[in-house]
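Guided by the hints, dock chain B onto chain A, whose structure is given.
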Amino acid sequence: MLTAELTDGGETCVLALQGSLDGLTVAELQKEVEGRLGGSIRQLVLDMSRLEFIDSSGVGAVVAAFKKTRAHRQGFLVRNLRGQPLEIFRLLRLDRAFVIDSGSGEDDAP
Amino acid sequence: MPDATEHFRFVLPARLEYRDAARGFLDFVCRRLHEQGALESETAHQVVSAFVEAFNNAVVHAYRDLEPGTVEVDLRLRAASIELQVSDQGRAFRIEEVREPDLDALPEGGLGIYIIKQFMDDVRYESSQDRNILHMSKSLLASGGGRADG
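If you read the sequences in order, they're chains A and B. Sequential numbering of the first sequence, starting at 1, is according to our numbering. Sequential numbering of the second sequence, starting at 1, is according to our numbering.
If you are wondering where the hints come from, they were derived from the structure by calculation, not from laboratory data. Every residue, glycine too, gets a C-beta built ideally from N, C-alpha and C. A couple of the hints might just be wrong.
[As the list claims (entries may be wrong)] Incomplete in silico selection of chain B near chain A, CB under 8 angstroms:
1. Val11
2. Leu103
3. Leu106
4. Gly109
5. Gly112
Same shape as in the complex, but just chain A (with noise of 0.2 angstroms):
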């Protein structure tokens, strides 16, 4: 599940991941991507304080957005990434691809 917000004068979307992301819930990321190419908006916002897992193709899906809106020349931030996404992302070495800001929730109980 996701909720977006224009932020900036509506010039930064916020997408808030909540639960999984993965192989049953990817699409509706796909689709807000999407929605959010071009036109106005200057970066994509990806906030994952509410995200609890991620599998494979949540990471495809993350890495697929991060490719398009830089096609758009448009910005692309993680934020807050924290538990099993973070181990994730840590094995994957995304955070050498692009901006990621985990704020303080570096490690919790799983």
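Just chain B, lined up with the frame of chain A:
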């Protein structure tokens, strides 16, 4: 030391929507092991991640173009390790032929087996005439005094 084992078994339809039934239980077990000092939180995340990728592979790849069957999940808690087996009756693959992804190229797929191999201590895949089994294990922390009973 006696190797007392707790064994849990799930037999689930090979559909992604059933995966979280077993994942929820595995989450519970890992949380319990974490509270006992036998599993770091990061390691718990790794075990759950590996399990999900294994289940996904069985559903998405093993049963592709086949009548969906079942995925059997066996979880064994031993004194020094947590072991998972994910079995299917679909199409087998050769795990040694799965290429490691080029992470610098930012792949959007082909990451499942890599995640499993990186996150688990031991990974084996065996295939017989009627069943494919992915075995995975992860060592528990010695500081947890081994797995506490009850």
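Comparing the hints with the structure gives:
no. : hint   : in the structure
1   : Val11  : violated (20 angstroms)
2   : Leu103 : holds (5 angstroms)
3   : Leu106 : holds (5 angstroms)
4   : Gly109 : holds (5 angstroms)
5   : Gly112 : holds (5 angstroms)
Figure legend: structure checked against the earlier numbered hints; the only hint not met is number 1.
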